[in-house]
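Read top to bottom, the protein sequences are chains G and F. Each residue of the first sequence is one higher than the one before, starting from 1 at the first, in our numbering. Each residue of the second sequence is one higher than the one before, starting from 1 at the first, in our numbering.
Hints are supplied without guarantee of correctness; some may be wrong.
[Said to hold, decoys possible] Some but not every residue of chain G turned toward chain F, in silico, with C-beta under 8 Å:
1) L46
2) L89
3) E95
4) G96
5) V130
6) F131
7) V133
8) I257
9) F268
If you're looking for bench data, these hints aren't it; they were derived computationally from the structure. We treat Cβ as the ideally placed atom computed from N, Cα and C, and that holds for glycine.
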Amino acid sequence: MGVVYALIALGFVIILKCSQAFNIAQGHIVMIGGYLGFTFLIMCGLPLWAGLLAAIATAVIMGLLIERLALRPLVGQPVLAVVMMTIALGFCILEGLAILIWGGEFKVYSGALPAISLRLGAVYVPAATVFTVILAAIVVAALMLFFRYAKIGLAMRATAEDEQVAQCAGIRVTTVYAISWIIACVTGVVAGVLLGGESGVSPYLANMGLKAFAVVLLGGVNSIGGAIVAGLIVGLAESFAAGYLDPLTTRGGLATIFPFIIIIIVLFIRPYGLFGLKRIERI
Amino acid sequence: MSLASGTFNQSYAQDMAILRTRTQRVVLLAFLAFLFTCPLFISETWLTIMTIIGISVISVHGLSILTGYCGQISMGHSAFMAVGGYTSAILCAKLGFSFWAALPCAALFAGLVGLIFGLPSLRVKGFYLIMATIAAYFIISWLVHFQLTGLTGGVFGLAAPKPEIFGMVLRSRASYFYLVMIIACLATVVAINIVRSRVGRAFIAIRDNDLAAEVMGINIWAYKLLAFFIGCVFAGLAGSLLAHYYAWASIEAFPFMDSVWYLGMLIIGGMGSTTGAILGTVSFRLLDYLVIILAPMLAETFPAIAPQASASLSLIMRGLVIIVFLIFEPRGLAHGWGLIKAYFRLWPFSH
Chain G
1 MGVVYALIAL GFVIILKCSQ AFNIAQGHIV MIGGYLGFTF LIMCGLPLWA
51 GLLAAIATAV IMGLLIERLA LRPLVGQPVL AVVMMTIALG FCILEGLAIL
101 IWGGEFKVYS GALPAISLRL GAVYVPAATV FTVILAAIVV AALMLFFRYA
151 KIGLAMRATA EDEQVAQCAG IRVTTVYAIS WIIACVTGVV AGVLLGGESG
201 VSPYLANMGL KAFAVVLLGG VNSIGGAIVA GLIVGLAESF AAGYLDPLTT
251 RGGLATIFPF IIIIIVLFIR PYGLFGLKRI ERI
Chain F
1 MSLASGTFNQ SYAQDMAILR TRTQRVVLLA FLAFLFTCPL FISETWLTIM
51 TIIGISVISV HGLSILTGYC GQISMGHSAF MAVGGYTSAI LCAKLGFSFW
101 AALPCAALFA GLVGLIFGLP SLRVKGFYLI MATIAAYFII SWLVHFQLTG
151 LTGGVFGLAA PKPEIFGMVL RSRASYFYLV MIIACLATVV AINIVRSRVG
201 RAFIAIRDND LAAEVMGINI WAYKLLAFFI GCVFAGLAGS LLAHYYAWAS
251 IEAFPFMDSV WYLGMLIIGG MGSTTGAILG TVSFRLLDYL VIILAPMLAE
301 TFPAIAPQAS ASLSLIMRGL VIIVFLIFEP RGLAHGWGLI KAYFRLWPFS
351 H
């Protein structure tokens, strides 16, 4: 669970670093990913590798479309406009499409992913599969290598550092924006396939993305390493809450909102997160 | 504010007046006359739609002050409405309050809850505040749903009796319509006057640049919390009206998406404009009605997607409208309305 949170949060952080856009639609991209996994693995009956590749290809197209049609016209607009755009994209367009295409039904394809259950001492990781951990780790490692060695990856880091200087150095910032959206969509869709494979997919999967914001905030919104560490922390905290705190409350359910409580606590105590940069403002 | 040619302000009272010219007074009176006579000649369906519009207008006024004027984006607005709705339902059903006593209590209590969840706004803003308010929604709905079940009836909700006036129960749609519209009109007057006052100007300063506002001696701490309080009082009022309209308080009446729609209404209408809040709400709700008409036609044309046509179409339509407004008219309908008015004010010499 924690690894998947980290994966979702990673896509969010990459978009934020590169284009200063807070992508609230990340949870819905995850949901679409879950449905794509269902489409390719069950309905089309593709083998695992082909299904994953097809889902990733769709994610690339989706990322390109979202960036070009919705976000590009809003470059330079206030935060609220960008945030509202991603809200409208996620909560309305993507969710509407999911209902239109897949009927908004609960779909299960638990047999499609190789499942090995895991138990670490007293910590019970809910429905975690080793396959999930491995695949998520591969994606994260690939991204790390991409940012370190690929030319466009370096360009993205430069843009994250300072947009205007990067532009002066001859980097196409619009391409960087597009790539960052593509990466976010790919990580989101992979996370969606993994989550869908574990526990099925329905429009409620999008709330999972909302919970991933707890990860983002805990790790610090502009720290990739923070996203990974915080993903593990939040995942563990949620299973601890399910194990130890739920019996204390009358009707339980505390675990499901525990990430939201983490959000409130983090915002009160350390708004810039564990590893984030402290925001310094000048007039 | 530019005035029509030949109209001059000769006193400060004239300068401050909301209605400056005779045309404005006549138009407003005609509109009010239409509003309060329309139950006589419109159908029950339209009466329902207009009642819902009236309730939404009250709620969006609150959001408009909080988000449009003070710049504190809230995505937990329907949670604060739920607080209002449940408070008045509990007061009426369990403690035997009359509706008229429960309504202000509900508004106040929603305001207080809003204060609690507004506290993060003192340290964070923008996206972080959105996250805090989303968290507020889920925490409040969890409390209502699973924890305080003795009070709220949990999943089932609880009955909210219809209000009573002089021994007459407001059971018919028309009577409730009048109740909602009177409160909506009062709320509009209050909202207009809040944003013209010292408080409103402080809100605008905080929205435009909170650091600069603080340097100029505006107490950000107090004003941000005040904005949350006012916004949530409006939300609580609307929530209470909604609960009593359905005669049942349940969390299903206050879904998370409503918070998104209220923000959407604000964007369509135009941020930072009281007229915009009304225009946005009305056009957004009418769009819904259009979808309700269109969806069966679409389902007939494409039988494959028939069962989900209406649900998905309404989501996609609403999303598209918000996106189109964000890209092409970020200042909303209020801006367009202002342009039209300016054109006719200067007509026929527009330059």
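Verification of the supplied hints:
no., hint, verdict
1, L46, "23 Å, violated"
2, L89, "7 Å, holds"
3, E95, "6 Å, holds"
4, G96, "3 Å, holds"
5, V130, "31 Å, violated"
6, F131, "30 Å, violated"
7, V133, "27 Å, violated"
8, I257, "5 Å, holds"
9, F268, "6 Å, holds"
In terms of the numbered hints stated before, the structure departs from hints 1, 5, 6 and 7, listed from lowest to highest.
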